[in-house]
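Chemist: On the provided structure of chain A, position chain B as indicated by the hints.
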Amino acid sequence: MTRDYSITYAPLVEDEDLVFKALADPTRRLLLDRLFERDGMTLGELEAEVPQLTRFGVMRHLGVLEQAGLVVTRKQGRHKHHYLNPVPIRLIYERWIDKYRARQAAALLDLKGQLEGRQ
Amino acid sequence: MTTMTEPGTVTQVYQLYIKASQEEVWKAITDPVTVARFFFGQVREASYEVGSSIRSWSPDRSQMWGDNVILECDPPRRLVHTWRSLYDRDMAAEPESRVSWEIEAQPGGFAKLTLIHDRLEASPKTAASVRGWSYILSNLKTVIETGQALPPLM
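Each protein sequence line maps, in turn, to chains A and B. The first sequence begins at 1 in the numbering used here and counts up by one. The second sequence begins at 1 in the numbering used here and counts up by one.
It should be emphasised that the hints constitute simulated quantities derived from the structure, not laboratory data. Check each hint, because a few of them may be wrong.
Stated by the list, open to error - Below, in silico cross-link-like pairs of lysine-lysine (BS3-like), each with a Cα-Cα straight-line distance of 27 angstroms or less:
1) B/K112 with A/K75
2) B/K112 with A/K80
3) B/K112 with A/K21
4) B/K125 with B/K19
5) B/K112 with B/K27
6) B/K19 with A/K21
7) A/K80 with A/K21
No experiment lies behind these values; they were computed from the predicted model shown.
Bound-form chain A, shown alone (with noise of 0.2 angstroms):
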């Protein structure tokens, strides 16, 4: 737990086993899930979307989610809201899929160039 305690004062920056874990559970997934379908939720909508957990459930597996940074809060008067951040789901689909992409496209451009003579 004290790995929980180092994060609030010096964000695990670019920790991807934090996303990782944060997205091995069911119930976190249905959190982003629903705040897929509805971004901005406050943490009593949220409450209510899944009934079977307890209140103190969902806030813990929000405070998960937004240590891995695929959840975001901000302040609007009195109300917390909970918003989905993509970013760090991007930033892994870019480290294998568009390093596999520009290889491809490179690839191709030699291809290209054997074709047009210029081997």
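Modeler: Below, chain B alone, put in the same frame as chain A:
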């Protein structure tokens, strides 16, 4: 009681950490050369003063992409401007929305960038389209941290 005017449904929030100082991130999002590298090669013209224009064009300048107004400018922390997607006729017909860039210094030589796109209540097509901010912002991170842009979207 779910209505389209609930604040949460019409606000999008994107956040990421970039290994750079607050000033470096500010420079990257305002310097036309860097903006072109991470933002679809756009030509950007802006003087970054409240009330002045922030305009963008396609790389060959044949099409205007944006003609917006700076609402707030507090270097190197905060930049707020209006948004209308001029590159698409349907989206251009929707009401103006708002984009806020917030840059915070973090321990360990990192900056936290938060982009909020809101006032999208009456602009559903724009709201769906600007989900592409994820790509733009991770491209920005790559450009700042490695000096290289990501391969273009297919």
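Chemist: Which earlier hints can't be squared with this structure?
Modeler: 4
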